[in-house]
Structure formats: structure tokens, C-alpha cells
Amino acid sequence: MPPSLFFDGIPDDVPETVAAVARTRLARAFDDLARHTRTERLILHVGRNPPRPPASRAGGDQPAETETIEERARQYVAEPPRYRFDQLVIPADQADALLTAVAALGLRSKIYGQWGLRRIEPSPSVALNLHGPPGTGKTLAAHAIAARLGTPIIMAGYAEIESKFHGDGPKNVKAAFHAAERQGALLFIDEADSLLSRRLTDVTQGSEQAINSMRSQIVLCLDQFTGVVVFSTNLVANYDRAFESRVRHFHFTLPGPKARAAIWSKLLVPDLPLDPDVDLARLCAATDGFSGRDIKLAVLAAAERAAVDDRQAVTHRDLETAVAQLKKAREQLRAPQGRPATEAERRAIEAGLAAQDAGSPNGLCGA
Amino acid sequence: MVIETILLTAVAALTVVQLVVELILKFRQIAEWFRERRSRLYGNVLNTADRERVGFTLQDLMANGQYRTVQGVFNTATEQVETDVRQITSRGIDAELAAHHQNRRLVIYP
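Residue numbers (our numbering), protein chains in the order written: chain L, 1 to 367; chain U, 1 to 110.
The set of hints was computed from the structure by calculation and includes no laboratory data. There are no misleading hints in this set.
From chain L, some residues computed to sit far from chain U (all C-beta separations above 12 Å):
# : residue
1 : ASP96
2 : GLN114
3 : ARG293
Below, a list of computed lysine-lysine pairs in the PhoX-like style, where the Cα atoms sit at most 25 Å apart:
# : chain 1 : residue 1 : chain 2 : residue 2
4 : L       : LYS327    : L       : LYS258
5 : L       : LYS328    : L       : LYS296
6 : L       : LYS296    : L       : LYS266
7 : U       : LYS26     : L       : LYS327
8 : L       : LYS327    : L       : LYS266
9 : L       : LYS328    : U       : LYS26
Quick caveat, the model's predicted, so the values are computed rather than measured. Built from N, CA and C at the ideal position, the CB exists for glycine as well.
Whenever a hint applies, use it, and build me the whole structure from the sequences.
Right, here's the structure in full:
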């Protein structure tokens, strides 16, 4: 006897005859799907909005041990790409290389199967890694690649994949790839520094083992995935060897003068009323060291200033003030980040300080 | 060791150690000292020599319960501690500075 089906959410004011027909049709469709997938724990949600993740994932203290990959994959919902390639300002040769790599990903079976190149490269590249400083267009590029491929995009941040529950990380990795496969989407994993780093060789703690498991799971998923994966990293000192052939790296840099001019031109959109005194060359010169995102913030701040002042156009002064404020904010944010001293540094500094009687336990202000 | 000998010789000539007493030493004050020093000595021009300099803080919790933090700049090329070291005694340190040090006595700020 087939198990009972449960229906939830049919509004109370729907006539029973209409509700019964809906239930019957849904039950038939469900049975067909269940027979096809041969999955015992099939759960379907039908609606115009994506289902919420199970409550236990949002804030519970226990991992959802019995959660299937299908259930876990529901937290990754594909969305249409928000940007196109013509909005991305990167050097022409880099754009060409990126587009070629994207196209080649779609021709893997031809290149490595039909043409036999798998003999010389058993693990062909299946993913792109866009690395570089924040604000240089990595996320925009991922959207643009999805738009070029005509696929939706799944945005998965590292924070969403990593879990406080031991063993959940690898399952989340698997679920993200599963969701991308099912939804025919490009999978974009942001802040993937930790995922692509070299696996730890001297594992002493459970947390280190969990990180290694996640990195191993990424390798497995990359080998089985037939879609396109794009990683984004800010800085990876040591990539795991397994990724050397599987992931193709593209470096995104801060824009030079020409690129900044192009970015300013694109961001000062045609509908934005500009005072004739706006001088693009001066703005480019004033934004040396700015990323594309910084320039966007300057444009938005200047436009807000002009709108709040009830003026009809954005002036050069508005833009210049916004740039100056951003510079000041950047300076304030640029606090040094500490790291442990190397043994050689420690010896040299301690010896240096001891010689001037500072920093030693009985030094100048020792008590 | 050669490096230590060079350092000892160079640092022996140093005479200026600024002494500061604070109630709670905040990381913001540490960062501000580095920033102000760099601006005063080198302006806004970053050259190769500047990149060879790293800041450091060396911190001890003393027997009387106070923290002693020594702050300075170390030149990785010449392997010398620069002359204007300062030493701060405080009854406490803020969470940010504590996070930088954790269980480390010496922290480097590239």
C-alpha cells in the first residue's frame, strides 16, 4: 500500500470540489515523479516563492542528521544574472581569455573525450577562480559569465557552506553542486579562500579535519559536476595541488587610468543629470587606487547629495567631495592587521629591544 | 648570531624610548601611532624601503596585573629595530588588541 501523501497550504475558502481536484492531480504528478526518481523521501514544495530553509538550519543547536541532499540543496536557489559582460571593465586580453575559458568549459567532452586529451590531462579544468582585491569586479564577472552562458546563477558564500556542525560543511558543498546541477545554474562560491587552500597535513583537531573534508569534497564535486563553477577569492597563499589543473585562475587588479576612465563613463549613466563642469579626467586622476566598487560608491554618494539638496544636476564638486570622503574613510579603515612573528623576527626584535632595555621582563617600566 | 649582533650594536645606540601610561590601551591607538609616524616621516609616498618596514607590538602581562606593550618598527632589510620605540603601560587592553595578540607575545603588522 502506498504511503499517505500530505497536502498543506490550500486556502480554506477554496471550494472542496476544486481542492479535491487539485489534490488528485498533485498526487498523480507526485507518484509519477517518485516512481521516476525511486526516492523514498521525496518532498515537493509547490509555490511562487522559494521554500524557507528548515528551522533547524536557521538557528537550532543540533545538525539536521536526517536531512537529505535534496532538502539541503533547497537553500541554494538560482536567480537570473544581474550583470552583463559589457558592464565589466577589465583589460581586453583578460576579457578574451576569460570568455575563451568559459566557452572551453562547455566543450570539455569534445576536447578531452572526443579529441582524446584526457590522456595527457586526466583532470581537466572545470572551474574558474577569480582572484584579486575587493571591488575589482569578480562578482560582476560571475554574473556576466552566467548571462553569457544563458544560465541562472546560484550565489553561495563560504559562510553559508561552512557550518558550525561537524560534518555539515562537506554536505553543504555537495548540496550546492547538486542544486546547481538540478537548476542548470552556474555555481558561484564567494570568499572561497579557505575552500581552495592546501589541505592540512598535520591534523590534530576536529575542526582541521572538517576543513580537510570540505576541501576533499570540493575536489570530488568538481570531478562529477558537468556545469560551470566560479570561485572568488581575495588572497590564497597556497592553493591545494588538486586544484592546480582543475581550476583556471584569473587575476583581477585595481583599474589603471584607462580602465578608471571607462568605469567612470559607464557609471555616470545617461539618465543621471550632470552639470557641464564635470571633468572626467580630473576625477580619474583623483581616484588612483580606487576599485570599480569605490567609484560606484562615489557616484551614488554624489547623486544622493545633489538629490537631497534638491538640485537638478550632479556637479563636479559633488563628485569630488564624495571621492575625498571615500579616501578619508579608506584611510580610517586601513588599520594594520597583525600576524604572528616568525622565529627570526622574534629573535631579532627581542634582541634589539633587550639592548635598549625595553621589552625585557625587568626593563624600563617593568613594574 | 650575526643578525642579533647587528641588532644589538644598532639598538645600543638608541636612547629615545617614549613612555606612556594608559588606563585601557586600545588597538585604535596602536594603529594611529603607526599611521601618524608614517605620515610624519614619509608623507604619502610609498617606496620600496617603506614596504620593508613592519610594525610590531610586544606585550607582557606583568606580575602587578598591568600590561606592558612595546611598540615600534622593524626594518626587515637591515634587520634593525628603528629608533623611536615606545612603551605603554596599561591596566587593560581592548578586545581588538587582545584579538591581535591572543597568546602571542609578539605581533607583526606588515
